[in-house]
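*Asks:* Sequence:
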Amino acid sequence: MRSDLVDLTVRLTLVAVARMDQRWLVTALCDSRLTFLRSLKGWPTFGKGWAKRVAGVRTEALALLKAPVIATSTTLPPVGTQPPKPAMVQTGGLGAWLKSLFGGKAA
116 MRSDLVDLTV RLTLVAVARM DQRWLVTALC DSRLTFLRSL KGWPTFGKGW
166 AKRVAGVRTE ALALLKAPVI ATSTTLPPVG TQPPKPAMVQ TGGLGAWLKS
216 LFGGKAA
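Here the working numbering = 1-based position in the sequence shown + 115.
It should be emphasised that the hints constitute simulated quantities derived from the structure, not laboratory data. Zero decoy hints are in this set.
Derived DEER-like restraints, expressed as beta-carbon distance ranges:
| hint | residue 1 | residue 2 | range |
| --- | --- | --- | --- |
| 1 | Ala131 | Val172 | 18 to 26 angstroms |
| 2 | Lys163 | Thr124 | 31 to 39 angstroms |
| 3 | Leu123 | Val172 | 22 to 30 angstroms |
| 4 | Ala176 | Leu155 | 21 to 29 angstroms |
| 5 | Leu127 | Lys181 | 20 to 28 angstroms |
| 6 | Phe217 | Thr187 | 41 to 49 angstroms |
| 7 | Leu155 | Ala182 | 29 to 37 angstroms |
| 8 | Ala211 | Thr174 | 50 to 58 angstroms |
| 9 | Leu177 | Gly208 | 49 to 57 angstroms |
| 10 | Gly157 | Thr187 | 38 to 46 angstroms |
| 11 | Ala131 | Leu177 | 16 to 24 angstroms |
| 12 | Leu140 | Ala166 | 13 to 21 angstroms |
| 13 | Lys214 | Pro159 | 55 to 63 angstroms |
| 14 | Ala211 | Thr150 | 51 to 59 angstroms |
Treat the numbers as computed from the prediction; the structure is a model and nothing was measured. All C-beta atoms, glycine included, are put in the ideal place defined by N, C-alpha and C.
Please model the entire structure based on the sequences and the hints provided.
*Replies:* Dropping the structure here:
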């Protein structure tokens, strides 16, 4: 898959998630995870710990929803802008790497 297509898909997904009811989303994801864990063979042995972990994730996620949003320099630009093209890096290849690894000395 092309990186620009992946980037666009991620951005569109983030926009869709941002438009959803965040509380509902956290609850739905945690409920879904718990349903999956209950279906596993190890549930009778590990279920209490797994359930406790999911409950902790739910509590933390719901607490984060109450926290103020702080814009950072990593905030995504609007969808539709062109992502930067990756720079091509020239290396010496495997031979140069092996030479640097062993100091260029013969065995």
